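Trainee: Chains as they are written, first to last, in our numbering: chain X, 23 to 514; chain P, 6 to 124.
These aren't lab readings, by the way, just hints derived from the structure by calculation.
The model shown is predicted, which means the values in this text are computed figures rather than measured ones.
Hints should not be assumed to be uniformly reliable.
[Claimed, not checked] Computed from the model, here is a short list of chain P residues facing chain X with C-beta under 7 Å:
no.: 1; residue: K40
no.: 2; residue: F54
no.: 3; residue: L56
no.: 4; residue: V58
no.: 5; residue: V91
no.: 6; residue: V92
no.: 7; residue: I96
no.: 8; residue: A100
no.: 9; residue: L101
no.: 10; residue: S110
no.: 11; residue: R121
[As the list claims (entries may be wrong)] The list that follows gives simulated cross-link-like pairs (lysine-lysine, BS3-like), each with its CA atoms no further than 30 Å apart:
no.: 12; chain 1: X; residue 1: K460; chain 2: X; residue 2: K327
no.: 13; chain 1: P; residue 1: K106; chain 2: P; residue 2: K39
no.: 14; chain 1: X; residue 1: K126; chain 2: X; residue 2: K468
no.: 15; chain 1: X; residue 1: K126; chain 2: X; residue 2: K189
no.: 16; chain 1: X; residue 1: K189; chain 2: X; residue 2: K127
no.: 17; chain 1: X; residue 1: K127; chain 2: X; residue 2: K468
no.: 18; chain 1: X; residue 1: K127; chain 2: P; residue 2: K106
no.: 19; chain 1: X; residue 1: K327; chain 2: X; residue 2: K127
no.: 20; chain 1: X; residue 1: K327; chain 2: X; residue 2: K77
no.: 21; chain 1: X; residue 1: K327; chain 2: P; residue 2: K39
no.: 22; chain 1: P; residue 1: K106; chain 2: X; residue 2: K468
no.: 23; chain 1: P; residue 1: K39; chain 2: X; residue 2: K126
no.: 24; chain 1: X; residue 1: K189; chain 2: X; residue 2: K77
no.: 25; chain 1: X; residue 1: K468; chain 2: X; residue 2: K327
no.: 26; chain 1: P; residue 1: K106; chain 2: X; residue 2: K126
[Stated by the list, open to error] Restraint ranges, calculated between C-beta atoms of paired labels, are given here:
no.: 27; chain 1: P; residue 1: V91; chain 2: X; residue 2: P44; range: 38 to 44 Å
no.: 28; chain 1: P; residue 1: L29; chain 2: X; residue 2: R306; range: 25 to 31 Å
no.: 29; chain 1: P; residue 1: Q75; chain 2: X; residue 2: G60; range: 52 to 58 Å
no.: 30; chain 1: P; residue 1: V76; chain 2: X; residue 2: L441; range: 55 to 61 Å
no.: 31; chain 1: X; residue 1: K460; chain 2: P; residue 2: R121; range: 53 to 59 Å
no.: 32; chain 1: P; residue 1: A35; chain 2: X; residue 2: S510; range: 50 to 56 Å
no.: 33; chain 1: X; residue 1: S510; chain 2: P; residue 2: L87; range: 49 to 55 Å
no.: 34; chain 1: X; residue 1: I482; chain 2: P; residue 2: A35; range: 46 to 52 Å
no.: 35; chain 1: X; residue 1: R306; chain 2: P; residue 2: Y108; range: 42 to 48 Å
no.: 36; chain 1: X; residue 1: L446; chain 2: P; residue 2: P117; range: 25 to 31 Å
no.: 37; chain 1: X; residue 1: R306; chain 2: P; residue 2: R121; range: 54 to 60 Å
no.: 38; chain 1: P; residue 1: R121; chain 2: X; residue 2: L321; range: 45 to 51 Å
no.: 39; chain 1: X; residue 1: E474; chain 2: P; residue 2: Y108; range: 39 to 45 Å
no.: 40; chain 1: X; residue 1: L74; chain 2: P; residue 2: I42; range: 50 to 56 Å
All C-beta atoms in this analysis are idealised placements derived from N, C-alpha and C, irrespective of residue type, glycine included.
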Amino acid sequence: MVIEFLPFALVVFTLVGAFIMPFFAHWFPRGCIPLTLGVLGLDFFMAITLLLGVKSRGPTGYYIGGWVAPWGIEVRGDGIASIMVLLISFIMFWTVVYGMGSIKKELPGNREGWYCALLLLISAGMMGLVISGDLFNMYVMIEVVSLSSVALVLAKGGREVLPAALKYLLLATIGSGFILFGIGFTYILTGHLNIGFAAAELMVSGGDYPYLSWVALTFLVIGLAVKGGLFPLHFWLPDAHSTAASTSSAILSGLVVKVYAVVVMRLFFQLYSSEMLLATDLDRILLVMSVAAILAGSLFALIQKDLKRLLAYSTVAQIGYIFLGLSVFSIMGLEGAIFHIIAHALMKSMLFLSAGTLISRAGSRMIESLRGIGRVMPYTAGIFALGAFSMIGFPLLAGFISKYLLALAGWDSGNYLVLPLMVLSGLLNAAYYLPVIKVLFWSEVKGPQTREEGEISGSIALGALAISLIILGVIPEVGRDFIQFAASWLWG
Amino acid sequence: MELSIFGANYPYIFSILLFSLGWLIIFTQANLLKKVIGINIMESGIFLFFLAVGDIAGGSPPIYVEGAEQVYVNPLPSALILTGIVVSFSITALALSIIIKIYQSYRTIYMPELLRIME
């Protein structure tokens, strides 16, 4: 009983936190970050309870307000939803811990309270998106996420973020237009907005309207690919992710682009049946797009001189991995994609946060100005190096496991090119991360000379993320049980 | 294919046209305000589409009248579009406020000029 109610309670609880935050900021400004941490910490414990409960008792559904589907809005507590909710609350919690020191420094004026409200709002939006079992509710949550992520980019202030945020907003609006159109087509086709009922109806009558279902799916996938930054629809991503404050970048790059991939999973495996998908050749198109994303993202990253832009292009490449896992169309590919969502969320937030500390010390985002900073900030730069090694795919780190799973899935399903692609992309990652590490550690110290780490709260947050990355890499079984469960339920 | 298909389904064709016109404007216009107008045209296309989905020829508003045998229009798409309009309104408001900020700090809302200043 309680378990069924938990996913909905999580979202509402976080949303209430977001709405009382501005008042709180007015009367008691010092308490904003502790309150945010409290809300996210409680979310984290609720998410663990949800995951364990779902694992032992099977997926649950809950109808908001007692209105049963097809009319009411269904909230799903299945494997993928609970894993994502756990991941979101975990990353958000440690990002806010990191932000205790940096938010005040990076944001102009006294915007801490509003920023905290935004952080809670975007977590509520992402959680609402992954647990939603209703197409229109998904659309509303997608809008909540995309508007608040534009605001997260804007929060830094200054004139540099404005064009990036506007570009992001325009592209996100086009994306959501496509998604809404796709939902409209699905509604014409099935007469339902609830995913379960729509899927049942598609099973019966979807074959009679092959073109309409193809159009609906194409609109949905285009919209989600724009929002998720899949190459070649990624061009808003590097600007938005590199100009934002470091905590915002960590959230945008680590979590926001992933929740759209989760929506794609739901649409592919829960709404449309696999025969229908294979008949549309969409898997081939996605395969080509994701291979292009992996190669092009890495090649663009090679020529960047700005550290945060380099990390943003690396995100473009990593989104390719996730969609690659979806496009091989097997349960193992799905597992690889989910594992990569988790691993990339951990390592990319770690990279952005540690880069934020290094950049604020050096005073510039250019890689050139970070010369030798690893000698004066060995801990922070070491965390950066750890994240980079995980990206390259060194064994014993989580990045290796997801590459291994994806390569295995490709081999199993007859896409023999996936394995060499993984090796090649690992080499490309090495080609742009290793020079940065060389600049950080093995060059003459330029800029600050005294040995001093960043804020203590920042170091703690980076340490926690690094430890979880290593745990996931050394004993992947802790995560794989849950991921296998989630993937097999999605596969149906 | 018979031409009558187009005649019977003209709201759908118009909505697709409006939608495409909208994002074409967003991509091709250099003036930032025109891009916001493009957003609104695009969203109007979607709204028209949803209203056309819900409409039934000869249907009346879905209000219960005692003893009357009536065909009702599907109210659900209209209700959805109410949410859509609110979303589109907030996107427009956010975009316009960003454009005001851009004008204040760059003194232009013309895209090529803006790119030149940012270099």
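Trainee: Is X/K460 close enough to X/K327, meaning Cα to Cα at most 30 Å?
Mentor: Satisfied, since the Cα-Cα distance of roughly 14 Å is no more than 30 Å.
Trainee: How about P/L101: closest beta carbon in chain X under 7 Å, or not?
Mentor: Cβ of P/L101 sits 10 Å from chain X, so the hint is violated.
Trainee: Min Cβ distance, P/F54 to chain X: is it shorter than 7 Å?
Mentor: holds, 5 Å
Trainee: Tell me if the interface restraint on P/V92 is satisfied: Cβ within less than 7 Å of some Cβ in chain X.
Mentor: It holds, given that the least Cβ distance between P/V92 and chain X is near 5 Å, below 7 Å.
Trainee: Falls inside 25 to 31 Å, the C-beta gap from P/L29 to X/R306?
Mentor: holds, 28 Å
Trainee: Hint check: P/K106 vs X/K468, CA-CA at most 30 Å. Holds or violated?
Mentor: Not OK: P/K106 and X/K468 at ~36 Å, beyond 30 Å, violated.
Trainee: Tell me if the interface restraint on P/V58 is satisfied: Cβ within less than 7 Å of some Cβ in chain X.
Mentor: Hint holds; P/V58 Cβ to chain X Cβ min 6 Å, cut 7 Å.
Trainee: Hint check: X/K468 vs X/K327, CA-CA at most 30 Å. Holds or violated?
Mentor: holds, 17 Å
Trainee: Checking one constraint from the list: CA of P/K39 to CA of X/K126, max 30 Å. Satisfied?
Mentor: violated, 36 Å
Trainee: If you draw a straight line from the CA of P/K106 to the CA of P/K39, is it 30 Å or shorter?
Mentor: Roughly 16 Å between the alpha carbons, so the hint for P/K106 and P/K39 holds.
Trainee: That 52 to 58 Å hint for P/Q75 and X/G60 (C-beta), does it hold up?
Mentor: Given range 52 to 58 Å: holds, Cβ gap about 54 Å.
Trainee: Taking the CB of X/L74 and the CB of P/I42, does the distance hold inside 50 to 56 Å?
Mentor: holds, 51 Å
This entry does not satisfy hints 3, 5, 9, 11, 20, 21, 22, 23, 24, 27, 31, 33, 36, 37, 38, going by the numbered hints stated previously.
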